[in-house]
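Engineer: Mapping of the sequence shown onto our numbering: position 114 corresponds to residue 114, and the numbering continues sequentially without gaps.
In short, the hints are calculated from the structure, not lab data. There's no promise every hint is true.
To be verified - The calculated BS3-like cross-link candidates involving lysine-lysine, where the alpha carbons are at most 30 Å apart (straight line), are:
| no. | residue 1 | residue 2 |
| --- | --- | --- |
| 1 | 180 | 159 |
| 2 | 62 | 85 |
| 3 | 251 | 180 |
| 4 | 203 | 139 |
| 5 | 223 | 203 |
| 6 | 213 | 251 |
| 7 | 238 | 219 |
| 8 | 251 | 238 |
| 9 | 238 | 203 |
| 10 | 180 | 203 |
| 11 | 223 | 251 |
| 12 | 203 | 213 |
| 13 | 247 | 139 |
Said to hold, decoys possible - Each pair of labels, with its calculated beta carbon distance range:
| no. | residue 1 | residue 2 | range |
| --- | --- | --- | --- |
| 14 | 203 | 223 | 16 to 24 Å |
| 15 | 18 | 247 | 23 to 31 Å |
| 16 | 119 | 90 | 19 to 27 Å |
| 17 | 67 | 26 | 17 to 25 Å |
| 18 | 231 | 91 | 51 to 59 Å |
| 19 | 196 | 234 | 18 to 26 Å |
The beta-carbon is built from N, C-alpha and C at its ideal position, and this holds for glycine as well.
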Amino acid sequence: MDRLDVAFADSPALEANALRALFRVYRDMQGLSNCHLKILLREDIWARITDVGFREASHITKAITITWGEHALLNLVIRRVLHNKQLTAFYRVDEATVLSSVAEQQTLFYRIFPKQVDAGKGKPTTFDWMLSRTADGSKQTAPRELIHLLSAARDEQLKLLEMGTAEPAGETLITPTALKAALPVVSSVRYNQTLCAEYATLKPLMERLEGEKTQQSPKTLAKIWSVTPTSALANAEKLADIGFFEKRGTKEEPVFWVPFLYRDALHLVQGTAE
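All chains should be built: construct the whole structure from the sequences, respecting the hints.
Structural biologist: Okay, here's the thing in structure tokens:
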């Protein structure tokens, strides 16, 4: 059973009730010997189900949380590279050897990509740049956005070559220019096809931020949304829960920062709103 996260997108209450019912069915089926139910659910959806109380949650003891750390994401990218026989032949690498250590995977990655996207001391390495640009407000990068960034960068690089620009230096295949050009594509798809599709009721709040600064306070948001600071804070908390905002500052003076992933989609301006 797939797409349960959008089956009841128009009604959070209905969604919560339906998913609670699904977990009750899960419990009822535990006694069956030839049929088992496996449920894959995002953590934010589980949080919404249990937010108002869910007694059955304590009975669900067989659970695994899938996380994607830096090494796991690098491994995912490299496995995709190694699946391409032309690339393994070009770089003269052995699949087993590369997958045997993180260092080997990093070495191959930086043979394909430049060391940095933005050159300079203190600037992140290319892979760290990719992770920071595809992370949402929870500071987590989903494999889907990372793979989309790489696919879009490949397409952008092909466009550059078709226009007669110089080929990448050395044995690298993708230039910093292509990576930067790919980010708006990823931002637009993530914002429009995922975030707005799944949280349609919050879309008007996000749309009102178009062209605004990337860091906001409850006071500045109250002005943008034409509500009281108290209401603005409540709305901002909702947007932080879905990963549109990263909550910073203190409990007494919170600030809300839009991650790079959503900036291009809304043409946001770097800086703090006054």
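Engineer: Run every hint past the structure and note whether it holds.
Structural biologist: Hint check results:
Of the supplied pair hints, the one linking residue 180 and residue 159 holds, its CA atoms being roughly 13 Å apart against a limit of 30 Å. For the hint linking residue 62 to residue 85, the alpha-carbon distance of about 39 Å lies beyond 30 Å, and the restraint is violated. With a C-alpha separation of about 35 Å, the suggested pairing of residue 251 with residue 180 is violated against the 30 Å cut-off. Annotation: proposed proximity of residue 203 to residue 139 holds, straight-line Cα distance about 21 Å (limit 30 Å).
With a CA separation close to 17 Å, the supplied pair residue 223 and residue 203 stays within the 30 Å bound. A hinted pair counts as satisfied when its Cα atoms are at most 30 Å apart, and residue 213 with residue 251 qualifies at roughly 21 Å. In summary, the hint linking residue 238 to residue 219 is supported, as the alpha carbons are separated by about 16 Å, within the 30 Å threshold. About 16 Å separates the Cα atoms of residue 251 and residue 238, which keeps this hinted pair within 30 Å; it holds.
A distance of roughly 11 Å separates the Cα atoms of residue 238 and residue 203; the hinted pair therefore holds under the 30 Å criterion. Straight-line distance between C-alpha atoms of residue 180 and residue 203 comes to about 26 Å, which keeps the hinted pair within the 30 Å bound. Taken as a hint, the residue 223 and residue 251 pair is honoured in the structure, with Cα atoms around 21 Å apart against an allowance of 30 Å. Of the supplied pair hints, the one linking residue 203 and residue 213 holds, its CA atoms being roughly 18 Å apart against a limit of 30 Å.
Between residue 247 and residue 139 the alpha-carbon distance is near 10 Å, which keeps this suggested pair within the 30 Å criterion. For the pair residue 203 and residue 223, the beta carbons lie near 20 Å from each other, so the given range of 16 to 24 Å is met. Checking the proposed 23 to 31 Å range against residue 18 and residue 247 shows it holds: the Cβ atoms sit about 29 Å from each other. Separated by about 25 Å at the C-beta atoms, residue 119 and residue 90 satisfy the suggested range of 19 to 27 Å.
Hint check: residue 67 to residue 26, Cβ distance near 22 Å, so the stated range 17 to 25 Å holds. A hinted range of 51 to 59 Å for the beta carbons of residue 231 and residue 91 is consistent with their spacing of about 56 Å. Judged by the Cβ atoms, the range 18 to 26 Å given for residue 196 and residue 234 holds: they are separated by roughly 20 Å.
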